[in-house]
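Novice: Residues per chain, in single letters:
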Amino acid sequence: DTAVSQTPKYLVTQMGNDKSIKCEQNLGHDTMYWYKQDSKKFLKIMFSYNNKELIINETVPNRFSPKSPDKAHLNLHINSLELGDSAVYFCASSQDHINREQFFGPGTRLTVL
Amino acid sequence: RKEVEQDPGPFNVPEGATVAFNCTYSNSASQSFFWYRQDCRKEPKLLMSVYSSGNEDGRFTAQLNRASQYISLLIRDSKLSDSATYLCVVVTMDSNYQLIWGAGTKLIIKP
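Note that the protein sequences, when read in sequence, are chains A and B. Residue numbers for the first sequence follow the working numbering, so the first one is 143 and each next one is one higher. Residue numbers for the second sequence follow the working numbering, so the first one is -10 and each next one is one higher.
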């Protein structure tokens, strides 16, 4: 059983399109995260939700909007995709926002053409 | 100075050797520290948390030096399977809740 799952695994799309990435965890964790890892392999946190409440909101273009329908799911919607959005997006979860041992999903490789 | 810094490497190390690398951080209020490993085109995986008194897990030893503001990871009797990028994470909970990742140190174990 996959602990943290993401869909899709690969996403190729044109500039200007809107796309969503979904994440689910079955670990019973309270806190979930979205990260972006660019071509230089630098991993940067974008958002974090604790029990459906936004607790980290880094400087990210407002084209990116996270949504947490329940604490087991954290989706990422991206409007008006740009070339610079091409990256691997990782979802992660941790028991809570105090215990930060994180478990990652397999990543979504987004390519914007 | 970057908030969290790591030597990018690569560290080329013969199998069986001992290797160590550090991660320095700038915020003295940082409270929690972790080491992750990331294999090529895979997700990061937790290797170990770093406790104030230092901790060991098999061939891996993690230490925290608060005075000099760095954490370290020591790998003994290195295996080919240890080849990966090692990332440190520094967590601070003061007025700003920060979770900052280092850029990673690439380790290559050679037969």
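Because the hints were derived from the structure by calculation, they are not lab data. Just so you know, not all the hints are guaranteed correct.
List time: in silico BS3-like cross-link candidates among lysine-lysine, alpha-carbon distance up to 30 Å [stated by the list, open to error]: (1) B:K31 x A:K161; (2) A:K209 x B:K34; (3) B:K(-9) x A:K186; (4) B:K34 x A:K151; (5) B:K99 x A:K183; (6) A:K178 x B:K(-9); (7) A:K151 x A:K186; (8) A:K161 x A:K213; (9) A:K186 x B:K31.
None of the values given here were measured: they were computed from a predicted structure.
Novice: Determine for every hint whether it applies to the structure shown.
Specialist: Structure-based check of all given hints:
A distance of roughly 22 Å separates the Cα atoms of K31 of chain B and K161 of chain A; the hinted pair therefore holds under the 30 Å criterion. Distance restraint check for K209 of chain A and K34 of chain B: the Cα-Cα separation of roughly 25 Å lies within the 30 Å cut-off, and the hinted pair is therefore satisfied. For the suggested pair K(-9) of chain B and K186 of chain A, the alpha carbons sit about 14 Å apart, so the restraint of at most 30 Å is met. For the given pair, K34 of chain B sits about 18 Å from K151 of chain A by alpha-carbon distance, which is consistent with the 30 Å threshold.
The straight-line distance between the Cα atoms of K99 of chain B and K183 of chain A is roughly 23 Å, inside the 30 Å bound, and the hint therefore holds. For the hint pairing K178 of chain A with K(-9) of chain B, the CA-to-CA distance comes to about 19 Å; that is within 30 Å, so the pair holds. About 19 Å separates the Cα atoms of K151 of chain A and K186 of chain A, which keeps this hinted pair within 30 Å; it holds. With a CA separation close to 22 Å, the supplied pair K161 of chain A and K213 of chain A stays within the 30 Å bound.
Under the criterion of a C-alpha separation no larger than 30 Å, the hint pairing K186 of chain A with K31 of chain B is consistent with the structure, at around 16 Å.
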